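Undergrad: Okay, here's what each chain looks like letter by letter:
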Amino acid sequence: MFNYIIIDDNKIDLLVAGKAIEMCQNPAASIQQFLSASFALEHIKSFQSPYTTILLIDIQMPVMSGFDFMEEFEKLAPETRANYICFFLTSSSNDLDRLKAQKYPSLKQFLTKPFTTDKLISLLKTI
Amino acid sequence: MSNQKIKVLFIDDEVHSLHTFKAAFRYDYDIAIAESASAAEQWLDNNEVQVILCDQRMPGKTGIEFFSTIIKKHPKTMRILVTGYTDIESVIKAINQGHVFKYINKPWNDADIRTSIDEAYKFYTQSLELESKISDLSKAYKDLDNFAYSVSHDMKGPLMSILGAMNIVNTSTNKNEKTVLMMLDLIEKAAIQLNEFIESMHVYYKNNRGKLKIEPVNLHDIKTEIEGLLGLKCMQEKIQLNFIIKNQANSENLYRTDITKLKVVVNNLVSNALKYQRPEEPNKYVNANLTIDNDMLTISVEDNGMGIDNKYINNIFELFFRATTEVGGSGFGLYNVKEIITTLGGTIDVTSELNKGTTFVVKLPSK
Numbered sequence: 001m002f003n004y005i006i007i008d009d010n011k012i013d014l015l016v017a018g019k020a021i022e023m024c025q026n027p028a029a030s031i032q033q034f035l036s037a038s039f040a041l042e043h044i045k046s047f048q049s050p051y052t053t054i055l056l057i058d059i060q061m062p063v064m065s066g067f068d069f070m071e072e073f074e075k076l077a078p079e080t081r082a083n084y085i086c087f088f089l090t091s092s093s094n095d096l097d098r099l100k101a102q103k104y105p106s107l108k109q110f111l112t113k114p115f116t117t118d119k120l121i122s123l124l125k126t127i
Numbered sequence: 001m002s003n004q005k006i007k008v009l010f011i012d013d014e015v016h017s018l019h020t021f022k023a024a025f026r027y028d029y030d031i032a033i034a035e036s037a038s039a040a041e042q043w044l045d046n047n048e049v050q051v052i053l054c055d056q057r058m059p060g061k062t063g064i065e066f067f068s069t070i071i072k073k074h075p076k077t078m079r080i081l082v083t084g085y086t087d088i089e090s091v092i093k094a095i096n097q098g099h100v101f102k103y104i105n106k107p108w109n110d111a112d113i114r115t116s117i118d119e120a121y122k123f124y125t126q127s128l129e130l131e132s133k134i135s136d137l138s139k140a141y142k143d144l145d146n147f148a149y150s151v152s153h154d155m156k157g158p159l160m161s162i163l164g165a166m167n168i169v170n171t172s173t174n175k176n177e178k179t180v181l182m183m184l185d186l187i188e189k190a191a192i193q194l195n196e197f198i199e200s201m202h203v204y205y206k207n208n209r210g211k212l213k214i215e216p217v218n219l220h221d222i223k224t225e226i227e228g229l230l231g232l233k234c235m236q237e238k239i240q241l242n243f244i245i246k247n248q249a250n251s252e253n254l255y256r257t258d259i260t261k262l263k264v265v266v267n268n269l270v271s272n273a274l275k276y277q278r279p280e281e282p283n284k285y286v287n288a289n290l291t292i293d294n295d296m297l298t299i300s301v302e303d304n305g306m307g308i309d310n311k312y313i314n315n316i317f318e319l320f321f322r323a324t325t326e327v328g329g330s331g332f333g334l335y336n337v338k339e340i341i342t343t344l345g346g347t348i349d350v351t352s353e354l355n356k357g358t359t360f361v362v363k364l365p366s367k
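For the protein sequence lines, the chains are A and B, in the order given.
Numbering follows the working numbering, in which position 59 of the first sequence is assigned residue number 59; successive positions increment by one, without gaps.
Numbering follows the working numbering, in which position 277 of the second sequence is assigned residue number 277; successive positions increment by one, without gaps.
Some clues are possibly wrong.
[Said to hold, decoys possible] Derived BS3-like pairs (lysine-lysine); straight-line CA-CA distance at most 27 Å:
1. B:K189 <-> B:K142
2. A:K103 <-> B:K142
3. B:K311 <-> A:K75
These are computed hints drawn from the structure, not numbers from a lab.
Remember, it's a predicted structure, so these values are computed and weren't measured experimentally.
Hey, can you work out the whole structure from these sequences and the hints?
TA: Structure (structure tokens):
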């Protein structure tokens, strides 16, 4: 079982991704949705869970972008980071974004929207 | 050509020649003189000229040698060599290497010198202009890249939302009615979002291309139109919109501006004020005042909404900038507003406090 944290400034995409996770055969321990990356970061800093958490992070967000979030995430204690598996989930098809994403060791994969149950299933196979 | 005289430096080891030169041209140009290459180099460290004329045959450095020394430090300065026929080989070489713009035969006549200096100066100003055009262009290219990136993101975003919602409907096995209805609702919202984005992009495009259409303005028409556009939202969200018009202009001296652009400004400011409200505030209000006084229109839009963090207050007019995740925005609105106000020769000011509210004040002179 996994926890899920979805970070996206677009409410629609939050709901869609949440629904896709709910519909997947693997039951989720919890699904948490954040409209703002900074709130998600605060949450990660202050809560601990016995389950590994899958982070789905949008890139282009106001105030704190997905890249800004990863910068901060990489500064967290190694034992905190070990509990999370990070994925970018974006509508960007920009090669520069992909290139920039490579510099974050904690980032596992670069996924493109729309988020579907199929994508989730193949994502889970890689873990 | 500007009223300022062209600055010319003349270098020759013959003092007599220097004085003749200065006497002949001091009314037409701003002349400096130097007796040797080294004196000229020193002088150039603290002074700027547009055109340098230098004698070829001098003890120490020749004219060509002098030019190749200064070319790195003063690449834009135009270089003219003054020389006799005997040096023709080295002159040809210097010209071919690009060190010398022109050469003038010795003994020179005044007309030749004048033509050469004027041509050199023309070339000088043209290359400066070209340089600034190139820098404008590369900025425009950068903006375009940024624009294309953001636009593709913002147009793709809602489409991906729609596809995601469709996927959920298609893969849900029991076609649970609640899920389907929820996804349909999301699809509609995404479509509205995309439509709004395309609308504001259209405004952006028109701002940049369109010519101003100046005509007398009736503020009451604007009030009626904006209230028609936004009235429903005010009712649904229980926001009190107070729209007050004061026109102190006399009837013979009508206020004139581009009405379409003025509407975009007012609509954007009022829409924003309605959009960035605090849900928990019981008495939500937006006060929009349009006042004409002495050919000056003042638009003030005040709300008691969520306010803008002062950290971001200087960024809010930037293209694609968004200061909050709470409410959806395209990052076009205030950019468009600012562009229009600049085009119309006006100003915009904003004061804001988080969780208290925001006031925008726009001043637009009559056209």
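Undergrad: A separate judgement is required for each hint: does it hold in the structure or not?
TA: Each hint, compared with the structure:
{"no.": "1", "hint": "B:K189 <-> B:K142", "result": "violated (32 Å)"}
{"no.": "2", "hint": "A:K103 <-> B:K142", "result": "holds (24 Å)"}
{"no.": "3", "hint": "B:K311 <-> A:K75", "result": "holds (23 Å)"}
In this structure, only the earlier hint numbered 1 is contradicted, and the remaining ones agree with it.
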